Amino acid sequence: MEVRKTERPDQQTVLSLCQYTLPQILFQQAKELGTKKIAIREKMFGIWQAYHWQDYLNYTRQVALGFFALGLKRGENIGIITDNHPEWLFSELGAQAMGAITINLFTSSIAKELTTMLNRIRAAYVVAQDQEQVDKLLEMKEQLSHVRKVIYVDPTGMRTYTNNPWLMSFKELLDLGTKIDATQPSLFEEELWKGKPEEVALMIMTSGTTGIPKLAMISHRSFTEIARKWVETAPIGIGDNWISITPTAWIVDQMWGMGVSPLTGMSMNFPETPETATEDFREIGPAVIITSSRFWEDLASKIRVKIADAGWMKRKLFALGEKIGGAVVDHQSQREPVPSYLRFLHWLAARLVYRPLLDRVGCAEIRAAVTGGHPISPDVIRFFRAKGLNLKHAYGLTEGGGVFQVQPDGEVKPETVGKPLPRTEIKIAEDQEVLVRTPSCFVGYYQDPEATKKALHDGWLHTGDAGYIDDDGHLLIIGRKEEIMRTKGGEAISSDFIETRLKFSPYIKEAVVWGEARDYITGFINIDFGNVGSWAEDRMIPYTTYTDLSQQPSVEDLILGEVRLVNTQLPKPMRLQKIILLYKLLDADDEELTRTGKVRRKFVHEQYIKLIEAMYSDLKELEVTGKVRYRDGQVGTIETKVRILTVE
Amino acid sequence: MKAFRGQPSVFGCTQPTDRQAELEVKKIFLSFGGVMALYDVDLTVRTGELVSIIGPNGAGKTSLLNCITGYYHPQKGQILFNGEEVTGHHPHEITKKGIGRTYQNIELFPGMTVLANMLLARHLYCDYSIGKAALFSSSVQKQEVHHRQVLEELIDFLEMQPIRKKPVGSLPYGMRKRVELGRALALEPKLLVLDEPFAGMTLEEKEDMVRFLLELNSGWDQTMILVEHDMSIVMSISQRIIVLNFGEKIAEGVPEVIQNHPEVVKAYLGETTRF
Numbered sequence: 101m102e103v104r105k106t107e108r109p110d111q112q113t114v115l116s117l118c119q120y121t122l123p124q125i126l127f128q129q130a131k132e133l134g135t136k137k138i139a140i141r142e143k144m145f146g147i148w149q150a151y152h153w154q155d156y157l158n159y160t161r162q163v164a165l166g167f168f169a170l171g172l173k174r175g176e177n178i179g180i181i182t183d184n185h186p187e188w189l190f191s192e193l194g195a196q197a198m199g200a201i202t203i204n205l206f207t208s209s210i211a212k213e214l215t216t217m218l219n220r221i222r223a224a225y226v227v228a229q230d231q232e233q234v235d236k237l238l239e240m241k242e243q244l245s246h247v248r249k250v251i252y253v254d255p256t257g258m259r260t261y262t263n264n265p266w267l268m269s270f271k272e273l274l275d276l277g278t279k280i281d282a283t284q285p286s287l288f289e290e291e292l293w294k295g296k297p298e299e300v301a302l303m304i305m306t307s308g309t310t311g312i313p314k315l316a317m318i319s320h321r322s323f324t325e326i327a328r329k330w331v332e333t334a335p336i337g338i339g340d341n342w343i344s345i346t347p348t349a350w351i352v353d354q355m356w357g358m359g360v361s362p363l364t365g366m367s368m369n370f371p372e373t374p375e376t377a378t379e380d381f382r383e384i385g386p387a388v389i390i391t392s393s394r395f396w397e398d399l400a401s402k403i404r405v406k407i408a409d410a411g412w413m414k415r416k417l418f419a420l421g422e423k424i425g426g427a428v429v430d431h432q433s434q435r436e437p438v439p440s441y442l443r444f445l446h447w448l449a450a451r452l453v454y455r456p457l458l459d460r461v462g463c464a465e466i467r468a469a470v471t472g473g474h475p476i477s478p479d480v481i482r483f484f485r486a487k488g489l490n491l492k493h494a495y496g497l498t499e500g501g502g503v504f505q506v507q508p509d510g511e512v513k514p515e516t517v518g519k520p521l522p523r524t525e526i527k528i529a530e531d532q533e534v535l536v537r538t539p540s541c542f543v544g545y546y547q548d549p550e551a552t553k554k555a556l557h558d559g560w561l562h563t564g565d566a567g568y569i570d571d572d573g574h575l576l577i578i579g580r581k582e583e584i585m586r587t588k589g590g591e592a593i594s595s596d597f598i599e600t601r602l603k604f605s606p607y608i609k610e611a612v613v614w615g616e617a618r619d620y621i622t623g624f625i626n627i628d629f630g631n632v633g634s635w636a637e638d639r640m641i642p643y644t645t646y647t648d649l650s651q652q653p654s655v656e657d658l659i660l661g662e663v664r665l666v667n668t669q670l671p672k673p674m675r676l677q678k679i680i681l682l683y684k685l686l687d688a689d690d691e692e693l694t695r696t697g698k699v700r701r702k703f704v705h706e707q708y709i710k711l712i713e714a715m716y717s718d719l720k721e722l723e724v725t726g727k728v729r730y731r732d733g734q735v736g737t738i739e740t741k742v743r744i745l746t747v748e
Numbered sequence: 003m004k005a006f007r008g009q010p011s012v013f014g015c016t017q018p019t020d021r022q023a024e025l026e027v028k029k030i031f032l033s034f035g036g037v038m039a040l041y042d043v044d045l046t047v048r049t050g051e052l053v054s055i056i057g058p059n060g061a062g063k064t065s066l067l068n069c070i071t072g073y074y075h076p077q078k079g080q081i082l083f084n085g086e087e088v089t090g091h092h093p094h095e096i097t098k099k100g101i102g103r104t105y106q107n108i109e110l111f112p113g114m115t116v117l118a119n120m121l122l123a124r125h126l127y128c129d130y131s132i133g134k135a136a137l138f139s140s141s142v143q144k145q146e147v148h149h150r151q152v153l154e155e156l157i158d159f160l161e162m163q164p165i166r167k168k169p170v171g172s173l174p175y176g177m178r179k180r181v182e183l184g185r186a187l188a189l190e191p192k193l194l195v196l197d198e199p200f201a202g203m204t205l206e207e208k209e210d211m212v213r214f215l216l217e218l219n220s221g222w223d224q225t226m227i228l229v230e231h232d233m234s235i236v237m238s239i240s241q242r243i244i245v246l247n248f249g250e251k252i253a254e255g256v257p258e259v260i261q262n263h264p265e266v267v268k269a270y271l272g273e274t275t276r277f
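Chains as they are written, first to last, in our numbering: chain A, 101 to 748; chain B, 3 to 277.
Okay, chain A solo, but in the shape it has when bound (with noise of 0.2 Å):
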């Protein structure tokens, strides 16, 4: 497929930049791109605003200046509650300057979350999105005394906020800063070169699948690091586009925002809201993507269900592109020649099916998309890859910087996670860990010097995932090494091997594998609500919720043949016998999924110990009765029966 000329930052100049604090690359950065390049575009008022890299280097100079004028000192650290929008950023790198620590928190996180956070590391500013974040602090201020002022970005509906001396909007800061720069125009560059490149510049949460998350924390040159090793490895060019749609608590945009952008002269684009964030992909049309896996599995399953409504003509076009496609990629993965005349048809479907489609989705401009955090099904993979979308997995953990695993082009199997990025080295211990050993490692936990000695040995990372390395060097993560289930007849299975193959419907949206010491395989179901809705629909099946949706009698019938299918590609011992359709989604707010959408199954296993135990007995039926907490912290009850269904 043919994509646009690319201009590569040259290799010398990532370098040298590389001794740099990260807030010094972007002062190098707006000296040498300045008001050529942009550097950030925001959609707002219906159309992309840009910033070039000056403006991107003077709002984070008055931001920087305007903590100064607050009282901030080195050392210091600053909670980020914020969306995607450049503030982020500003806030980010203007706090950075001046020598203070930052930490992103999920804006989705109820009041008592944040708080716990923010005591833990006494921030002394916080910046918050909007009211809603402002209100959930106000709640707590009692226990925030250390939060000298909090800086709010949105200014809608706060008109009646301005009397409080502990609020302050952004504006407010930005002109605090460009007051002080006006009298000490020196002062911003004096503090700026104060910074060293093996500093503390953030820290970030980890998932914390078990417990409460750790904070991990990273020195600039991590991420400089990890920027030079995705330069030298991925097709990215001086321009190309960044579009922030993941939190900016989450390592990916961090690295790329904090690291990979300032670094190479990409540019950021961000969203105009949440709700618009897929039509302004399409409008951006990223060159590269890294993404979780559900953002993979979710559009796929959208484009599979968007195909069955399209007309007779549409579909025939698209099951023959499949085909095609399925075809070249197998004999690629094989790394056999594809004859001539597959080739041929290839290049004619990605012309009449292929790209259409990828423009549809805004993936057209992809040249490399990657796809991380949890195990994707090697199905989505060949799905994207038979449609000619470079979607490689890739393997990495915020305590090693960010990704550092990916698959050379060239050279892609769809199950492994690939090889090393350069100056990274990875070795298997003897109980399968995967360990690794890289420059962009991160410096420790905050104030956890026990859980970091155990993570950290010499210099390799434990990462805690159990994997082998195949005969082609490639690296494959069978799963969490404490998730590796063991049955009653003593075999190994890895839950995330079942579901990850479960998600791939597209009616499935959360399964959750049960098994361990146990005789059989069974499994807790979430259905895709809106999938599964538009397919009641169709076939005139009246619901009210989701609860209603999931315990209707034709709905587990669809669910069970999805199961006997994905059964069928199992090996034996790894079949599920018994599911449940659970009740309700599996939701962050209580506590089941980490805020980054990974089930917490230990909290899971408590909490629905009656459904498992169930399960593995003669039970047709139970009666429930379940809690579901609100965003606003009321705890509501559901009660409910659910039906435990065999699978034969």
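Hints were generated in silico from the structure; no laboratory data involved. Since the structure is predicted, the reported quantities are computational estimates derived from the model, not experimental observations. Among the clues, some could well be false.
[As the list claims (entries may be wrong)] Restricting the straight-line Cα-Cα distance to at most 20 Å, the calculated cross-link-like pairs of lysine to aspartate or glutamate (DMTMM-like) are:
hint : chain 1 : residue 1 : chain 2 : residue 2
1    : B       : Lys208    : A       : Glu232
2    : B       : Lys208    : A       : Asp732
3    : B       : Lys167    : A       : Glu379
4    : B       : Lys168    : A       : Glu383
5    : B       : Lys168    : A       : Glu232
6    : B       : Lys167    : A       : Glu383
Position chain B relative to chain A; hints supplied.
Relative to the frame of chain A, chain B by itself:
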């Protein structure tokens, strides 16, 4: 940047004289055959006020609004807007004078997008010829860009970004009400007349709407007349309330006074009910 929201550079930045909205309704009478819809009704609205009109069903609230906006012509009495006589004028003439309104039953074009519906309101400010429009000359271009800017500021204010290009027919009821408010605002009216903007809305939609109206009134100095049945909303946001019953004005005053007014309690809320 989001930090600069709520500071419209086009909309709401007009001179104070452009915001002037002094409405005076003097002793109007309106009857349909033998039915007396309005009987000797007076109403004064000053610039920057948020005045509510309440009353039981059939009290004549919408009739009064229709008289103000030119849909009905009162048989007797006078309506003055900014000192100018507007009695008996047609709706389009009154719109030009600076009175915009929304309707009890939504009056949008369901097949058109939100943007197109709102853009329609801007025809008031288009003064180019068909020929120039066909050629899309630079002056036309400039005007069109300006119109779009006004609309985009309203879309941002009303938080309608995700539905900007959706056909109105596909939107839920509460959203359509919001679009209608947006269209009325696109007229840049001096006086905004709202006929039951909260009817049929969910609690959350009502909360959003209240927020918009308050922000409009206090932030952008928008003068408003509101007809509404939801008492808790009326009492909490109005500066002054007028009560109609069977076409007659029975009370007028600040919410606290109206709440305890014996006539109102008797006529409108039943003998023993208090709120």
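Checked hints:
1. Our distance criterion of 20 Å between C-alpha atoms is met by B/Lys208 and A/Glu232, whose separation comes to about 18 Å.
2. A hinted pair counts as satisfied when its Cα atoms are at most 20 Å apart, and B/Lys208 with A/Asp732 qualifies at roughly 18 Å.
3. At most 20 Å may separate the alpha-carbon atoms for a hinted pair to count; B/Lys167 and A/Glu379 meet this at roughly 11 Å.
4. A distance of roughly 17 Å separates the Cα atoms of B/Lys168 and A/Glu383; the hinted pair therefore holds under the 20 Å criterion.
5. Our distance criterion of 20 Å between C-alpha atoms is broken by B/Lys168 and A/Glu232, whose separation comes to about 27 Å.
6. Using a Cα cut-off of 20 Å, the hinted pair B/Lys167 and A/Glu383 holds, with the two alpha carbons roughly 14 Å apart.
In this structure, only the earlier hint numbered 5 is contradicted, and the remaining ones agree with it.
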